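Please build the complex by placing chain X on the supplied structure of chain S, with the hints as guidance.
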Amino acid sequence: MISFSAVAKRYPGGGEALRGVSFTLASGEFAFVTGRSGAGKSTLLKLIPAIERPTAGSVVVNGQNVGALKRAALPYLRRNLGLVFQDQKLLYDRTVYDNVMLPLAFSGQPPREAARRVRAALDKVGLLARERANPIALSGGEQQRLAIARAVVNRPAVLVADEPTANLDAESAARILDIFVSFHQVGVTLLIATHDQALIERYGKRVLRLSDGKLAA
Amino acid sequence: MMAWLRQHRDALARAFGKLRAQRSASLLNALVIGVALSLPAGGYALLANLQLVAQRFTLDPQVSVFLKAEAKRSELEGRLRGDARVAQLRFVSREEALQELRRSEGLAEVVAALDRNPLPDAFVVRARDGSAAALEALAADVLAMPGVAQVQVDSAWAQRLGALARVGRLALAALAAVLATGLVAVTFNTIRLQILTQREEIEVSQLLGATDVFIRRPFLYLGLLQGLAGGVLGLAILWGAMAILNQGVSELAQTYGSSFRLAFPAWPDVLAGLGITAFLGWLGALLSVSRYLR
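Same order as they appear, the protein sequences are chains S and X.
Sequential numbering of the first sequence, starting at 1, is according to the working numbering.
Sequential numbering of the second sequence, starting at 1, is according to the working numbering.
Okay, chain S solo, but in the shape it has when bound:
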């Protein structure tokens, strides 16, 4: 599903964020990416939807070498990925419902089907009762769940989340992880970046440990 081979990423004017990273994530697999701040977790995740491009090596998602994709092809790659961003990137000028509707507006779903999917996604993360609220009125955990609802509304086969439990209390974090586990159970491939060691140990999934841009064994 996702395959990195000898991937390096160097930011202009900065050091090397990733060096010789190789791993393969099978379809339906659930893995954590962990490491200290600045170890390269976010960079690694950003390479998958081609938000960043590798300076060396190749990143293959679903058989496509995403590092070599043309700009015009990127939207179609991203529509098949569920992305939860570290800063969530919610839009505060519209309701919870409309935030989740956003990715459906450009994938051309019929309105009735779109509405059904938005409600299903909100229901999945327990926010159906808040659909008319503005995201600003939601708690941190709720905002995170809203970001997840938006990521899964297109029913992607792959879900990539960057620090989805950062700044959340243990209970809210556990609730988020439970949602991810439920997606894993229906066959979604998951890659989640976190520095929360307790969380990783509790779930006992595969761990990709980054240190100074390199993958530890």
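Just so you know, the hints here were simulated from the structure itself, not pulled from any lab data.
Bear in mind that the values here come from a model prediction, so they are computed numbers and not experimental data.
Think of the CB as a built atom: it goes at the ideal place given N, C-alpha and C, for glycine as much as any other residue.
Careful, some of the hints might be misleading.
[Claimed, not checked] Facing chain S, according to a computed beta carbon distance under 10 Å, are these residues of chain X, among others:
#, residue
1, TRP4
2, ARG6
3, GLN99
4, TRP157
5, GLU200
6, GLU203
7, VAL204
8, GLN206
9, GLY209
10, ALA210
11, ASP212
12, ILE244
13, LEU245
14, ASN246
15, GLN247
16, GLU251
[Unchecked claim] Some chain S residues well away from chain X (every beta-carbon gap over 10 Å; in silico):
#, residue
17, GLY15
18, PRO49
19, ALA166
20, LEU168
21, GLY187
22, HIS195
23, SER211
24, LYS214
[What the hints assert, rightly or not] Quick list of simulated restraints, FRET-style, between CB atoms:
#, chain 1, residue 1, chain 2, residue 2, range
25, S, ASN65, X, SER24, 21 to 31 Å
26, S, LYS205, X, SER24, 50 to 60 Å
27, S, GLY38, X, ARG199, 25 to 35 Å
28, X, ARG23, S, GLU201, 55 to 65 Å
The following block gives chain X in isolation, referenced to the frame of chain S:
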């Protein structure tokens, strides 16, 4: 196909929503475009009216040939009839000419004061080819004929007026080009500001898989609507200005016994004008959003 139509409808609805949400700013923008547009549109309308007047006379390609007193009428008539360029020939005797003059407004007294008829015999020649060059050539040839005292191309002044109108038209085209550039610049800037206020939405949409075409669409509609609104305002300004001008014009025309009034541009011209402003608005938006999306 349905999805495509729906996306266009949604984009149009969003553009309308933005216009509504920023009513005063949108109105001001439309006003800027409208005022800029009303200048060349007004000039164009005036010229079109002027050309209409000129055309009325050029439609009649007449040459008046005045004879010398000792001229042999039948010989000259034969030569003129033999000329392939002459379509019609009418002889006006000096008596007839005087009669006609007597009937003209305000000239009866002048004629009465004359102790003898000062007018010459004349032929009124209607040419086949009404262009200025052909008429001038014909006039020159006729003047060389024996017994011809003077040749006058009656439509010459109308031709000159037409030519003047064409020069005016060129000047207007230049003005219109400058103002069209201004219109594109105004929309470019408006859309740029609009993009800046929606930077976040655009960024998120890109990250979630929106194509450039999708992101561009509502901005293109916004530019188009703004251009169109400017066009409507510009025409309204023109209409108002012509209504005011026409009061004076009809008074002036009445003193000449004419019921002439400035005519508002015809529907095809109005629609073309609106189409052009809408296109220019769209173009400004396209340049702006393309530059942003790069």
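Item to check | Cut-off 10 Å, beta-carbon criterion: hint that X:ASP212 touches chain S | outcome: holds, 7 Å
Checklist entry - Okay, S:GLY38 versus X:ARG199 on CB: inside 25 to 35 Å? => result At 27 Å between Cβs, range holds.
Checklist entry - With a cut-off of 10 Å, does the beta carbon of X:ILE244 approach a beta carbon of chain S closely enough for the hint to hold? => result Interface hint status for X:ILE244: violated (45 Å vs cutoff 10 Å).
Checklist entry - Non-interface claim for S:LEU168: all C-beta distances to chain X beyond 10 Å? => result holds, 21 Å
Next on the checklist: If we take the beta carbon of S:GLY187, is the closest beta carbon in chain X still more than 10 Å away?
Outcome noted: holds, 21 Å
Next on the checklist: Interface hint check: X:GLU200, Cβ to nearest Cβ on chain S, cutoff 10 Å. Holds or violated?
Outcome noted: Cβ of X:GLU200 sits 6 Å from chain S, so the hint holds.
Next on the checklist: Would the non-interface assignment of S:ALA166 survive a Cβ cutoff of 10 Å against chain X?
Outcome noted: holds, 18 Å
Item to check | Exclusion check [S:PRO49 not at the chain X interface, CB over 10 Å] | outcome: violated, 7 Å
Item to check | Interface restraint verdict for X:ARG6 against chain S (beta-carbon cut-off 10 Å) | outcome: Given a least distance of 7 Å, the restraint on X:ARG6 holds.
Checklist entry - Do the numbers back the hint for X:GLN247, that is, is its least Cβ distance to chain S under 10 Å? => result violated, 51 Å
Item to check | Hint status (Cβ of X:TRP4 to nearest Cβ of chain S, threshold 10 Å) | outcome: Check passed: Cβ of X:TRP4 comes within 8 Å of chain S, closer than 10 Å.
Checklist entry - Quick one: are S:ASN65 and X:SER24 within 21 to 31 Å, going by C-beta? => result violated, 51 Å
Checked against the numbered hints listed earlier, the structure breaks hints 3, 4, 12, 13, 14, 15, 16, 18 and 25; every other hint is satisfied.
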